[in-house]
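Heads up: the sequence lines are chains L and R, in that order.
With this note's numbering, the residue at position 118 of the first sequence is 119, and numbering never jumps.
With this note's numbering, the residue at position 140 of the second sequence is 1006, and numbering never jumps.
For the record, the hints were derived by calculation from the structure and aren't laboratory data.
Treat each hint with caution, since some may be false.
Claimed, not checked - A few chain R residues facing chain L, derived, Cβ under 7 Å: (1) Arg929; (2) Glu938; (3) Glu942; (4) Leu1006; (5) Lys1022; (6) Val1046.
Beta carbons: idealized from backbone N, C-alpha and C, even for Gly.
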Amino acid sequence: MNANHLSNWDLEEYALGQRTPEVLQHLTQCPDCQAAATDWQDSLAMFRTAAVAWSEQSLQHRPARIPAGGNDPSKHIVPSPLRWALVAAALLLFTLLPIYFMHHGASPQVARTLPAGTSSTAAGKPAPISDEALLNQVDEEVSEAVPDSMEPLTHLVTTQVNTSADTTGGSHHAQRN
Amino acid sequence: MQYVSTTEQIIYAGQIIHSPESADGGSPRRQSPEHGQVPAHLGFAELADMDALFAAYRSRIYRYALLSLRDEDLAESVTHDCLLRAFHARASFRGDCSVATWLTRIATNLIRDQVRSRKLQFWKAASRSAIDAGEFADHLRAPGLTPEASLLVREKVKGVWESVAKLSDKQRSVFLLRFVEELEMSEIAAALNMNVGTVKSHLHRALSNLRSTHMPHAPIRKEAEKTK
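Please construct the entire structure, taking both the sequences and the accompanying hints into account.
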């Protein structure tokens, strides 16, 4: 302790509850040191108050999950961000899988194994269109070289080609003759 | 060492230390020659019943874990682990310290494991349950203060909160056990497996760090330090 005022060490000791008679006597006589010591003590006390209040408030929203009979602590499940992420991913997967199969046929493997041209089942129910039939239909439409809107022009071109072929054929024939 | 407990009887180290029959003199009361009857304040009987253990210590362990980890989910996880481990390992409890001290020791180890794990480092930034200084100070209940005084106190609490976050793990543990849990130096030493002198040294360093960051230096004290 300094002759005039308490040192920082003395104030820390005071905050820790290690209060010697000399320090206590000095505090009664020195308002500055008393204010500093009180400042320390108040700050720490307020910190404790806030900490306890926060903890209690937080605990109120978390009911105790006491395992019946005492389970193994390593096996208990505590929600964590990683677990929540895994659960969300699993839910997403189970939601998207049916949508995927709806768009790609309910049983694509079965449909592919059906022979081409099979259109009805033994029970007489209308059979679903097989993949092969669908593919054939697509092939037919794709294989059309010219779209419908340009068909008149095609006709014109093919006529022209035919007529030119006829004329060239005729000339060749004349030359041969 | 053997420890068997029921609601009627507690046997510790092969000796009956609590029995309703022995209390009324119906049968001879046996006591451990080494330990004798475990005093009630140690909370030994609460170890026999999980509900009682949770009721008695959950709040305290949760608070310690919460302030150490600053994450409500992790604090709850640590609290749960701590109490369950204590319950399952109650046979190894020798009774040389209080149950609270023993639980604090278990909780400290679990907190240290959490802090060391990379998982915490990763989730620390993203965790929604992490609390900042402002939210912490909002929990302060200081009725009867003027708005100015309340604001001042709030700023001080925020300062302490931020300073505690910057302490080393050991300093933080010692600080929280002393100033929040209000344990004695010897209890902290037992809980953290340290000497009392080491505890005191950590406390002084923690307070020194607090002072250097947020606790204001009065000019007179600076002068006193220089002349020291």
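Check each numbered hint from earlier against the structure, then list the numbers of those it violates in ascending order. Violated hints: none at all, because every hint is consistent with the structure.
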